[in-house]
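Given the sequences, and given the hints that come with them, work out the whole structure.
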Amino acid sequence: MINLSDVLETINMIREEHLDVRTITMGISLLDCATDDNKVLCDRVYDKITKYAENLVSTGQDIEKQFGIPIVNKRVSITPISLIGGSRSPEDYVNLCKALDRAADTLGINFLGGFSSLVHKGATKADEMMIASIPEALSTTKCVCSSVNIGSTRAGINMDAVAKLGHTVKELAYLTKDNYSIGCAKFVVFANVPEDNPFMAGAFHGVGEPECVINVGVSGPGVVRAAVEKAGDCNFSELADIIKKTAFKVTRMGQLVACEASKRLNVPFGIVDLSLAPTPAVGDSVAHILEAMGLESCGAPGTTAALAMLNDAVKKGGAMASSHVGGLSGAFIPVSEDQGMIDAVNCGSLTLEKLEAMTSVCSVGLDMIAIPGDTSAETISAIIADEAAIGMINGKTTACRLIPAYGKKVGDKVEFGGLLGYAPVMPVNNFGSVKFIARGGRIPAPIHSLRN
Amino acid sequence: MKAVVTVTGKDTKGIIAKVSTLCNEFGANILEITQSVLSEYFAMVMLVDINELTQDFGSFVDSMKDLGKQNCLIIDVMHEDIFNSMHRI
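Listed in order, the protein sequences are those of chains B and D. Under my numbering, the first residue of the first sequence carries the number 1, and numbering increases by one thereafter. Under my numbering, the first residue of the second sequence carries the number 1, and numbering increases by one thereafter.
Rather than coming from a laboratory, the hints here were simulated on the basis of the structure. Wrong hints could be hidden among the right ones.
As the list claims (entries may be wrong) - Per label pair, the in silico range of CB-to-CB distance:
{"hint": "1", "chain 1": "B", "residue 1": "Asp-241", "chain 2": "D", "residue 2": "Gly-27", "range": "43 to 49 angstroms"}
{"hint": "2", "chain 1": "B", "residue 1": "Ser-449", "chain 2": "D", "residue 2": "Ser-59", "range": "52 to 58 angstroms"}
{"hint": "3", "chain 1": "B", "residue 1": "Arg-264", "chain 2": "D", "residue 2": "Asn-24", "range": "56 to 62 angstroms"}
{"hint": "4", "chain 1": "D", "residue 1": "Gly-14", "chain 2": "B", "residue 2": "Lys-230", "range": "57 to 63 angstroms"}
On a predicted model such as this, the values are computed, not experimentally measured, just so you know. Idealized CB from N, CA, C, for every residue including glycine.
Set out below in structure tokens:
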């Protein structure tokens with residue numbers, strides 16, 4: 001028999017604490033679409049995606065109904081596009097991006113990820129063309145997300161790519177200036193990128209992945225916050241236990257949805273990504289969890305320790321609840337998508353430097369951070385390099401999704417709408433990094449990359 | 001297969017009658033009911049057998065939701081698997 005208090009707990013989590021499955025992401029390999037004719041390639045890519053993911057949205061809706069659990073996003077990730085896009089011209093990639101956007105539109109999904117390139121050790125001609133196309137491709141499409149991996153623990157950091165991407169981000173911000181430089185919200189620079197991440201903007205379908213796969217990203221900051229608040233003044237051992245138990249329940253729900261989606265779509269189940277992904281909705285904030293632990297405001301001394309504990313407890317609880325865990329798996333700390341983070345920036349307790357420290361103990365990096373539009377490309381590159389260094393040395397994923405909002409200054413506000421939220425423009429350290437970035441080359445892989 | 005129907009809202013006459021009538025119309029067999037009223041607040045959890053539903057599960061969920069709206073109640077119907085997976089190892 002089903003226990004009454006279990007029923008009420010689950011319903012309360014969904015109704016009051018914003019429990020949801022954040023995304024069902026179908027990964028599709030496009031390796032077999034490759035051809036040197038761009039027109040044929042665009043058609044093949046469109047046809048394959050729309051055929052494979054034909055029933056993704058309707059199946060997601062059916063599962064929502066069956067279990068009574070909201071599934072917020074249904075998305076698609078594809079093979080990194082530079083592996084199939086050829087090396088003729090950036091225009092080819094813009095055309096390809098438009099074909100992907102049309103496919104996303106046909107399917108009714110809100111984002112499609114994988115307009116990506118892996119250049120952590122060096123760029124091929126195709127990678128160079130793809131990266132050159134990013135500003136135009138992302139500013140002329142709606143649903144396509146792009147990412148570039150510029151470093152890894154095994155390969156070091158490709159500083160030539162880092163230098164170039166600072167300009168890419170600036171150009172993308174300029175081309176989407178009429179819309180708060182929103183193009184930059186669809187572009188992320190990674191170190192140690194996971195190949196099975198279901199979350200945007202960094203999702204892509206890695207080369208070691210099967211033909212087609214279902215990955216699910218769970219969420220639940222609101223549920224964890226409620227559990228922490230309810231726990232009262234307990235010590236950290238007890239608090240960690242409470243978070244683990246909550247993460248277990250949330251992840252089990254994700255696993256159930258993932259298995260059901262896999263069964264209904266007849267596509268193998270890949271992983272569950274155990275991430276705490278905040279939304280701008282009140283009560284669905286990672287910053288508020290940290291504050292519920294006893295910090296006056298997110299960013300106060302103790303924030304990094306609180307986040308480290310939270311991140312670890314979420315993984316420990318979730319790992320047992322799912323047969324395969326992957327993706328980013330940890331707490332996300334995007335500024336614009338988290339009301340608590342926005343408030344913390346506005347009241348002056350959270351700075352870019354503190355966020356950088358926090359990224360060394362959580363699952364991603366500097367995410368959805370609006371910075372002044374006149375920040376130089378070299379400074380953006382240098383921030384990317386700093387983040388990549390944290391990832392490389394600590395053997396973890398780090399990322400940068402910075403928005404140098406064109407024409408905006410510190411204290412201004414940029415509005416993206418929907419799940420992307422809004423963000424106050426944050427100050428950046430203005431001392432120059434020009435000569436440092438101009439050096440180019442590769443930062444060698446750290447000694448602990450030699451593990452064999 | 002079983003589903004859990006939860007009904008919450010302000011107490012009025014005939015809530016159980018309406019919900020159970022709809023269950024009958026859809027061919028859902030009521031296995032268990034837990035119900036109470038606390039300061040005019042009505043709460044009920046029903047376990048129903050859905051093996052012999054006359055229509056698909058989705059329409060049962062929608063009809064229950066509509067019934068809730070018409071009577072100022074919140075009615076959720078969820079497959080039992082979600083409770084089993086979240087609360088049992």
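Among the hints numbered above, which are violated by the structure, and what are their numbers in rising order? Violated: hints 3, 4.
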